[in-house]
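Q: Line by line, the protein sequences are chains A and B. Note that this note's numbering gives residue 449 to position 32 of the first sequence, counting from 1, and the numbers run on in steps of one. Note that this note's numbering gives residue 452 to position 35 of the second sequence, counting from 1, and the numbers run on in steps of one.
Just so you know, not all the hints are guaranteed correct.
[Unchecked claim] A partial selection of chain A residues facing chain B, derived with a Cβ cut-off under 7 angstroms:
no.	residue
1	Ile584
2	Phe586
3	Met598
4	Pro619
5	Cys659
6	Lys731
[Said to hold, decoys possible] Just a sample of chain A residues kept apart from chain B, beta carbon distances all over 12 angstroms, derived:
no.	residue
7	Thr421
8	His430
9	Gln433
10	Asp477
11	Lys491
12	Leu685
13	Glu748
14	Glu750
15	Glu752
16	Arg753
17	Pro759
18	Arg769
19	Ile775
Please keep in mind that the hints were generated in silico from the structure rather than gathered at the bench. C-beta: ideal position from N, C-alpha, C; glycine also.
There are 2 protein chains.
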Amino acid sequence: MSETASITYPIGHLHQFVVRMFAHFGVPEDDARLAADVLARADLRGIDSHGVARLHTYFDMLTLSRINPRPNIKIIRESPSTATVDGDNGLGLVVGPKANKIAMDKADAVGSGWVSVSNTNHYGIAGYYVLEALKRDQIGWAMTNTTKLVAPLWGAERMLGTNPIAIAFPGKVEPAIVIDMATSACAYGKIEIAKRRNDTIPRGWAIDRLGGDAENPNDMIDGGAMLPLGSFREMGGHKGYCLASMVDILCCVLSGANWGPWAPPFALRQEIPKRSVGKGIGHFFGAMRIDAFIDPDEFKKQIDDWIRTFRATKPMPGSPGVVIPGDPEREAERERAVSGVPVLMPVVDDLRDIAARIGAKFD
Amino acid sequence: MSETASITYPIGHLHQFVVRMFAHFGVPEDDARLAADVLARADLRGIDSHGVARLHTYFDMLTLSRINPRPNIKIIRESPSTATVDGDNGLGLVVGPKANKIAMDKADAVGSGWVSVSNTNHYGIAGYYVLEALKRDQIGWAMTNTTKLVAPLWGAERMLGTNPIAIAFPGKVEPAIVIDMATSACAYGKIEIAKRRNDTIPRGWAIDRLGGDAENPNDMIDGGAMLPLGSFREMGGHKGYCLASMVDILCCVLSGANWGPWAPPFALRQEIPKRSVGKGIGHFFGAMRIDAFIDPDEFKKQIDDWIRTFRATKPMPGSPGVVIPGDPEREAERERAVSGVPVLMPVVDDLRDIAARIGAKFD
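So that you can see chain A by itself, here it is in the shape it has in the complex (with noise of 0.2 angstroms):
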């Protein structure tokens, strides 16, 4: 069977699966829902690792409740402007979205909200919340920290995750503006699809457990460590370890999660890790009002000027010229509305064994 044989399903068929399997679990119906939109997002907009892929690890983790399905998510500090929230061990996929909503309703009322989250879990694409903080006229800001992956520069070991930022600035009649990055060299998925084709890597992306440059993609998989975005000292490799650290401090140290290479596995392969500084991964939320800054309407006009002028960039021989962040994303989720999503048969496989044990069905 080829790699990339797969079945394109209605995104609402994917929806109603979704919600139905957390159902099984005693979710409540409205946080199902939430948690299905969520990792519908994902799909919808090209990132097929972070949506239904996921979907036979959230059912493991409940299986054997390492994930509490019925959360009661709580305030445990704030102020005006921000808070603290302890996400009682729930999906993330649930705590995330009502910590969001947490810091958008503190922006509504005194301009900005900001909201570092513990005792959560794998919360999706960061994407997601800054697409909500949109449709409130608010810059919105998303962090999550994830297990060791990435080993900081001039590091031999996994110390951090891949730890994404993401933030969004909308426009008038152009398209948001709409940044979603690990910050990682490249991606974990980019390793595991070298691994399957037999590729060699490139220089920059992975170490191997001594810390030598990793070109076989296994070497980086059986004990070695991805690198931070610039990869090399030369390069800017400390930056991309910087931006690492200041996510992992503001989801974790900030709200009492665990930090670095003490960040509970999402997989149930993975070794727990031998401390416990905290509780559970980790998240950071901002939301600013833009009418708290500027009047909304001459921000959304001169984003829309800056994305025709960056459009208009000089392009590089060779290249497809400048992409505005989001692009690909938008295109991605324009056409999987109407064609429907491809899932890879491997996924298919996945949910349909998920449908056998629950009761369920997924042709």
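Add chain B to chain A, keeping to what the hints say.
A: Showing chain B alone in chain A's frame:
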């Protein structure tokens, strides 16, 4: 004369001369001291490109009345946790600290403060501002746009500045983690050094005027461009472009300053941009009270643990091992506070030239 010939001065001597120069142009004494504090901090921390090495440019700009020595710095819009500031074309070294103070005061009042600034000029090192926030037990953020030097990914011309991001986190026993990084692959100063030494530059730092790899530093300097952090698509160059864009929009579109390629230059020899889309350049400051999220003592103990954990990372063979962000600058500061600041002869000549023109003395 060797490229590294220098004279070492006590920091007080340099500070006094800087105050004297700004006073010559009618900058109020308190403002002149503030500006000198910012420059001195760069020289102490070993960021020589941003200290007295820039003084002649400030001198030139003030001589030509391109900077307002007595600005009326105004809040033009605000909410409890945000403000937009018009710097009235003052020195960035004065507008920056005052806008940063507004952010910190708002954080004291409502947990966090966020200030976007237009109509300002070069503000020195971003690190200065976040060190100020540490004095109040706050997490400070600082960003600024700068004159265009960097191409967006897949572009072949300068469209963005080196747009730095700074943020700092205090430890209890350990020193603070201080992140202060440009969003380009390398610093422009490294390209200038390669030029003086007739060295080539590594692939990934810069492109020539046609968009091809610049191996000769002159190919970048003469109409080429620097590359964003990550350099190429495969190595995450779109991420450096995203970060530079984020800084550009927060500093400029949000405040009403000149964004992207329209940022006015901070040097007489550079051409004035074809369009003006706002006022001056822009900054963005944030401040978050630590106790608005978590007990500060607990936070600092965890930062100490974080620092020790990361210092203990297995080192990459042949490297110095993992460094904590801010270590090199802090070590420079400790040494230079005692031994003085070595100033390269061309900069000494600049200072002597200024002295002669303002009727002062600089030995």
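Q: Against this structure, judge whether each hint is valid.
A: Right, here's what the structure says about each hint:
Against a cut-off of 7 angstroms between C-beta atoms, the interface hint on A:Ile584 holds, since the closest Cβ of chain B lies about 6 angstroms away. Interface restraint check for A:Phe586: the shortest CB-CB distance to chain B comes to about 5 angstroms, inside 7 angstroms, so the restraint holds. A least Cβ separation of about 5 angstroms between A:Met598 and chain B falls short of the 7 angstroms threshold, and the interface hint therefore holds. Against a cut-off of 7 angstroms between C-beta atoms, the interface hint on A:Pro619 holds, since the closest Cβ of chain B lies about 6 angstroms away.
Hint status for A:Cys659: holds, given a least beta-carbon distance of 4 angstroms to chain B, under 7 angstroms. Proximity of A:Lys731 to chain B holds as hinted, the smallest CB-CB distance being about 5 angstroms (cut-off 7 angstroms). With a least CB separation of 21 angstroms from chain B, A:Thr421 remains clear of the 12 angstroms interface cut-off, as annotated. With a least beta-carbon separation of about 32 angstroms from chain B, A:His430 lies farther than 12 angstroms from that chain, consistent with its non-interface assignment.
In this structure A:Gln433 is separated from chain B by more than 12 angstroms, as the shortest Cβ-Cβ distance comes to about 34 angstroms. Annotated as non-interface, A:Asp477 keeps its C-beta farther than 12 angstroms from every C-beta of chain B; the closest such distance is 29 angstroms. No Cβ of chain B approaches the Cβ of A:Lys491 within 12 angstroms, the least distance being about 14 angstroms, so the stated non-interface status holds. Against the 12 angstroms criterion, A:Leu685 stays outside the reach of chain B, whose nearest CB is about 25 angstroms from its own CB.
No beta-carbon of chain B is positioned within 12 angstroms of the beta-carbon of A:Glu748; the least distance is around 15 angstroms. Here A:Glu750 stays apart from chain B, with its beta-carbon at least about 18 angstroms from theirs, past the 12 angstroms limit. With a minimum CB-CB distance of about 21 angstroms to chain B, A:Glu752 clears the 12 angstroms threshold, and the non-interface call stands. Once the 12 angstroms rule is applied to beta carbons, A:Arg753 is consistent with being away from chain B; the minimum gap is 21 angstroms.
Every C-beta of chain B lies more than 12 angstroms from that of A:Pro759, the closest at about 23 angstroms, which supports listing it as non-interface. Here A:Arg769 stays apart from chain B, with its beta-carbon at least about 35 angstroms from theirs, past the 12 angstroms limit. At roughly 39 angstroms, the least C-beta separation between A:Ile775 and chain B is larger than 12 angstroms, which holds for a residue marked as non-interface.
The structure shown violates none of the earlier numbered hints.
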